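Visitor: Listed here are the chains, written in short residue letters.
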Amino acid sequence: MNWMALELSLKLAAWTTLLLLPIGIFMSRFLAWRTFRGKIFVEAGLALPLVLPPTVLGFYLLVAMGGGSPIGQFYEALIGRSLVFSFDGLVVASVIFNLPFAIQPMQRAFEGISAEVREAAACCGLSRWRILWRIELPLAWPGILSALVLTFAHTIGEFGIVLMVGGNIPGETQTIAIAIYDQVQIFDNASAGLMSVVLLMISMLAISATYLSASFVGRRHDG
Amino acid sequence: MTDNGGLEVQLSDDGKIPLEAEISCQPGELLALVGPSGSGKSTILRTIAGLNKPRQGVIRCNGRVWLDTDKGVHVSTRLRHVGMVFQNYALFPHLSARDNIIESLGHVPPADRSKRVEDLLSLVHLSGLGDRKPAALSGGQQQRVAVARALARDPKVLLLDEPFSAVDQATRQKLYRELVELRQQFGMPVVLVTHDLNEATMLADRLCILHRGRTLQSGPPFDVLAKPVNKQVARLVDQKNIFQGTIISQQPERDVTTISWGEFTLITSYQPNFKVGQVVDWLIPASHVSVVSAGENEVSGVISAIVRLGDMVTISIMIKNASSHPLFMSLPALEAKQRGLVAGEKISVSLVSGGIHLMEP
Numbered sequence: 001m002n003w004m005a006l007e008l009s010l011k012l013a014a015w016t017t018l019l020l021l022p023i024g025i026f027m028s029r030f031l032a033w034r035t036f037r038g039k040i041f042v043e044a045g046l047a048l049p050l051v052l053p054p055t056v057l058g059f060y061l062l063v064a065m066g067g068g069s070p071i072g073q074f075y076e077a078l079i080g081r082s083l084v085f086s087f088d089g090l091v092v093a094s095v096i097f098n099l100p101f102a103i104q105p106m107q108r109a110f111e112g113i114s115a116e117v118r119e120a121a122a123c124c125g126l127s128r129w130r131i132l133w134r135i136e137l138p139l140a141w142p143g144i145l146s147a148l149v150l151t152f153a154h155t156i157g158e159f160g161i162v163l164m165v166g167g168n169i170p171g172e173t174q175t176i177a178i179a180i181y182d183q184v185q186i187f188d189n190a191s192a193g194l195m196s197v198v199l200l201m202i203s204m205l206a207i208s209a210t211y212l213s214a215s216f217v218g219r220r221h222d223g
Numbered sequence: 224m225t226d227n228g229g230l231e232v233q234l235s236d237d238g239k240i241p242l243e244a245e246i247s248c249q250p251g252e253l254l255a256l257v258g259p260s261g262s263g264k265s266t267i268l269r270t271i272a273g274l275n276k277p278r279q280g281v282i283r284c285n286g287r288v289w290l291d292t293d294k295g296v297h298v299s300t301r302l303r304h305v306g307m308v309f310q311n312y313a314l315f316p317h318l319s320a321r322d323n324i325i326e327s328l329g330h331v332p333p334a335d336r337s338k339r340v341e342d343l344l345s346l347v348h349l350s351g352l353g354d355r356k357p358a359a360l361s362g363g364q365q366q367r368v369a370v371a372r373a374l375a376r377d378p379k380v381l382l383l384d385e386p387f388s389a390v391d392q393a394t395r396q397k398l399y400r401e402l403v404e405l406r407q408q409f410g411m412p413v414v415l416v417t418h419d420l421n422e423a424t425m426l427a428d429r430l431c432i433l434h435r436g437r438t439l440q441s442g443p444p445f446d447v448l449a450k451p452v453n454k455q456v457a458r459l460v461d462q463k464n465i466f467q468g469t470i471i472s473q474q475p476e477r478d479v480t481t482i483s484w485g486e487f488t489l490i491t492s493y494q495p496n497f498k499v500g501q502v503v504d505w506l507i508p509a510s511h512v513s514v515v516s517a518g519e520n521e522v523s524g525v526i527s528a529i530v531r532l533g534d535m536v537t538i539s540i541m542i543k544n545a546s547s548h549p550l551f552m553s554l555p556a557l558e559a560k561q562r563g564l565v566a567g568e569k570i571s572v573s574l575v576s577g578g579i580h581l582m583e584p
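As they're listed, the protein sequences go chains A and B. Numbering-wise (the working numbering), the first sequence opens with residue 1 and increments by one. Numbering-wise (the working numbering), the second sequence opens with residue 224 and increments by one.
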């Protein structure tokens, strides 16, 4: 069992989830309630990671964040080390790759809040922040929660993008999914099997938690 | 314009729902905006609340300017102090009735809020139900929470958007009475949007008739119903007996105007503004047509249909050489039976002269 890889995977998933919470809320609210020219293309672009092979996305991110790119150079000048093949680079790639997993459930949740309810909140004199805090988030939280859980579970299982952008550096970019692959390569099936079971349980636990919360919310609104 | 606490609205827009509206509502007055769907009545209400922004307009309330497009003034909804009751109430589904109301009490010191909430709950007859979520309340109870939430804001104007349309008839009658009682306790202008003319007539001090975003006529309910300014308003207020005639004489000294209608001469009370020889539209409410024989303005025709609606019947009478559409009257069903009225028979009816109203064609 490669505990270091598991810890790294959990850390990556936690950072990705944490960063996507505000980004997802901001973008999904915007997409849920605004109409603008070219909205379809924006939504299609955000959904692209769902269908694009991770290696392809990984390749573009590698090029975009590499030492030859303005982003990579800027980061290197600022922090003093390379963005690609680092944990930071993994987090950036993971955030981008997980955008649809975070935004789509949140967007559906915000779309479910009627315009009248938000208007009523404004008529009650609530500030924007209070409307967000007291009305929108409590009503949308099942969607937000399932978005976060999906993002977390999906990040833990990430393989192609991690390999392309992060490589396979133990303690820096070697996640548990890659460690499993490595163990299989050296015919250590027992170790690969153990890590797979751990991954399976984490995913199962996460998905069950969203279903549980959804049914809890369903009951809560009826009473 | 107003600085006595009233509401003055002037709007114009050439957008999706065109607007050309001017309304005013005094403190304590209930103004009903009436019109068919798409007439812009809800748009006007939403604009007063600041939820819509018209291309051009001025809104003043309680001495303050809420909107003045020429000067670039558009006060946001949350700063306007409006109380709004939405058609489907728009209660916050995850909050109890009490918490729904508390959200409107942001301007009240926190220490005073719980007392205010209990006062409001008892005002709308919901004491003891404050802990319930909207889903656990009946339609009428939800409406009461919405009203309490709107009043909690201490609004400068109370806006009611078809607030009775989502409840059954019995509850509606109860809610009407409650609204009338509530009005006596609060002095702000109240604007009610409805497509139900009876409801508007029953509750409002003044009606404002809207069609395609234009305010066509406003005034006390009885005036608007019985004396519409033109045929269009007459149709909107559901007057069926609208005909065309010609002015024969004007006799102010006798308080009489006479018109010809087909082969008949009709006497009406004196109505200036019309010249002898002028073709006019005129109407008579169905309630002012009676079967009394040898009464004033007697006309005769043939009964073309008798339709029974509950205890009343509506009788359509074709008047030969006068109009291509029938004259309608209503009678208690029992009286129609006693008089032996049947379709195809001849009938003479009297048009009460005080009920005849002349309009510019």
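Derived by calculation from the structure, the hints in this document are not laboratory data. These figures come from a predicted structure and were not determined experimentally. Treat each hint with caution, since some may be false.
Stretch-level coverage of chain A by chain B, calculated; a stretch enters the list once three of its residues show a Cβ under 8 Å from a Cβ in chain B [said to hold, decoys possible]:
(1) 116–125
(2) 134–141
Pairwise CB distance ranges (calculated) [stated by the list, open to error]:
(3) A:S215 with B:N453: 53 to 61 Å
(4) A:W133 with B:S388: 45 to 53 Å
(5) A:W133 with B:V298: 18 to 26 Å
(6) A:G157 with B:D291: 29 to 37 Å
(7) B:R458 with A:R37: 39 to 47 Å
(8) B:D534 with A:W141: 34 to 42 Å
(9) B:G251 with A:G112: 48 to 56 Å
(10) B:E404 with A:S215: 37 to 45 Å
(11) B:S388 with A:S215: 40 to 48 Å
(12) A:Y211 with B:N227: 42 to 50 Å
(13) B:N453 with A:R37: 38 to 46 Å
(14) A:L48 with B:D291: 42 to 50 Å
(15) B:S388 with A:G160: 26 to 34 Å
(16) B:Q279 with A:V56: 50 to 58 Å
Note that beta-carbon positions come from the ideal geometry of N, C-alpha and C, so glycine has one too.
Visitor: Against each hint, give a clear statement of whether it holds in the structure.
Guide: Structure-based check of each hint:
Counting residues of the stretch 116–125 of chain A whose CB falls under 8 Å from any CB of chain B gives 9; the rule of at least 3 is met. Counting residues of the stretch 134–141 of chain A whose CB lies closer than 8 Å to any CB of chain B gives 4, so the stated coverage by that chain holds, three being the minimum. The hinted window of 53 to 61 Å between S215 of chain A and N453 of chain B holds, with their beta carbons roughly 60 Å apart. The hinted window of 45 to 53 Å between W133 of chain A and S388 of chain B is violated, with their beta carbons roughly 32 Å apart.
Checked against the given bound of 18 to 26 Å, the beta carbons of W133 of chain A and V298 of chain B, roughly 23 Å apart, stay inside it. Against the hinted window of 29 to 37 Å, the Cβ-Cβ separation of G157 of chain A and D291 of chain B comes to about 58 Å, which falls outside the hint. In this structure, R458 of chain B and R37 of chain A meet the distance hint of 39 to 47 Å, their C-beta atoms being roughly 42 Å apart. Checked against the given bound of 34 to 42 Å, the beta carbons of D534 of chain B and W141 of chain A, roughly 55 Å apart, lie outside it.
G251 of chain B and G112 of chain A have their C-beta atoms about 40 Å apart, which leaves the hinted 48 to 56 Å range violated. Under the hint 37 to 45 Å, the C-beta atoms of E404 of chain B and S215 of chain A, about 43 Å apart, fit the expected range. Between S388 of chain B and S215 of chain A the Cβ separation comes to about 33 Å, which falls outside the hinted range of 40 to 48 Å. A hinted range of 42 to 50 Å for the beta carbons of Y211 of chain A and N227 of chain B is inconsistent with their spacing of about 59 Å.
Range check, N453 of chain B to R37 of chain A: about 43 Å between beta-carbon atoms, so the 38 to 46 Å window is met. About 47 Å separates the C-beta atoms of L48 of chain A and D291 of chain B, a value consistent with the hinted range of 42 to 50 Å. Distance hint check: the CB atoms of S388 of chain B and G160 of chain A are about 56 Å apart, inconsistent with the given range 26 to 34 Å. Remark: the range hint 50 to 58 Å for Q279 of chain B to V56 of chain A is upheld by a beta-carbon distance near 53 Å.
Going through the hint list in order, the structure does not satisfy hints 4, 6, 8, 9, 11, 12, 15.
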